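Trainee: Read off the chains here:
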Amino acid sequence: AQSVTQPDIHITVSEGASLELRCNYSYGATPYLFWYVQSPGQGLQLLLKYFSGDTLVQGIKGFEAEFKRSQSSFNLRKPSVHWSDAAEYFCAVGPGGGADGLTFGKGTHLIIQP
Amino acid sequence: SAVISQKPSRDICQRGTSLTIQCQVDSQVTMMFWYRQQPGQSLTLIATANQGSEATYESGFVIDKFPISRPNLTFSTLTVSNMSPEDSSIYLCSVYPRESYNEQFFGPGTRLTVL
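Going down the list, the sequences are from chains G and L.
Quick note on our numbering: the first sequence kicks off at 1 and runs consecutively.
Quick note on our numbering: the second sequence kicks off at 1001 and runs consecutively.
Extracted from the complex, chain L is given alone in its bound form (with noise of 0.2 Å):
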């Protein structure tokens, strides 16, 4: 299994503004997940960071508007930008262990509130 962690757990930001998330994993991961969660709906992945390359985004979602960081194997950043209350959600950071390396885990996740 793996232990993720991320920092804020939760925050209440105003328009206009950024915020960067954090996600660290306590064992060395060769990809990190990001995942939206808007109110009341399913994930939705936003892009995977592999350490040493640019992040891969899905459709719909731009690095301008969701830059990442991947610096080493266990730790990323997620940055919403230019945020509007549309960017309320939960965003979370998944990860594949290396020794379940089918099993993906989640971080807790963190409770964006955009007013």
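The shape of chain G in the complex, shown without the other chains (with noise of 0.2 Å):
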């Protein structure tokens, strides 16, 4: 059975210095792996995404993730948060191919201190 993992159910960063978000999966086939927002009284935002290719992936709002198979993790990192960024992160695993739905791990609420 798929299932993902955030370790971290709360993590404080001040504003301006960098972030990264831990995100472990278990699937059995090639994961298709994806980071979402989710801002107070907000739907969820797709932040970025990796089917294949290039491990490292660019996202929206100056986020990245580095997909590494080895370890099965794909976290996710900023180089400098914004009071903005804070905000649930949930990270995501499916099969791809638009018929299935995604298993999502349990989030990491992200403050941002001044």
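If you are wondering where the hints come from, they were derived from the structure by calculation, not from laboratory data.
Treat the hints with caution; some may be incorrect.
[Unchecked claim] Taking lysine-lysine pairs in the DSS-like style, the calculated list, with each CA pair at most 27 Å apart, reads: (1) L/Lys-1065 <-> L/Lys-1007; (2) G/Lys-61 <-> L/Lys-1065; (3) L/Lys-1065 <-> G/Lys-68; (4) G/Lys-106 <-> G/Lys-68.
Computed from a prediction, not measured in an experiment: that's the story for all the values here.
With the hints in hand, could you dock these two chains into one complex?
Mentor: Next up, the structure:
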């Protein structure tokens, strides 16, 4: 069975500091991996995705993620966070192909300190 | 991409009643998905709705509790039946647009509170 683990429930980062959110997955085939952000009172917004090819993927809002097959990880990074980045971040995995839903991690709540 | 709207955006209901949530997409899609996000929790897939056939439910979810309709390629409804406080959640629908079938887009969600 597929699963996603986000080991950090809460992370606090100072504004301007770098950020890394961890995500580990368990999946039997080649995974399609995603990071979504959910701001308070907002819907889910896709930050970035990985299907194949270059293992370092760029997303919106200055985020990037690196796929490491040997570690079953897909960590999200940002070199300098802004107060507006405070939100809930979800890592998700799916089979691709448009016919199946996604399996989500429990999320990481990001707090930005001034 | 896809623009997805949901109605209602939020509701407060009494236990024992039912609520039907609507999901409208601005383009035709093959599959529509319904998720539940309980307070402070992650998203859990409830079911997959394919136009013209019965919805497929995930383990732990049953049709009697969460009946789904999919009358056409742009619309679906999810009913939460015989509600209890444990059904208080955000319910989201999602789709894969035909032009980017590996990217799932989500509606804004329906925030349900059951008293």
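Trainee: Determine for every hint whether it applies to the structure shown.
Mentor: To see whether the hints hold, each was checked on the structure:
| no. | hint | result |
| --- | --- | --- |
| 1 | L/Lys-1065 <-> L/Lys-1007 | holds (19 Å) |
| 2 | G/Lys-61 <-> L/Lys-1065 | violated (39 Å) |
| 3 | L/Lys-1065 <-> G/Lys-68 | violated (40 Å) |
| 4 | G/Lys-106 <-> G/Lys-68 | holds (20 Å) |
Hint compliance for this structure: hints 2 and 3 are broken, all remaining hints hold.
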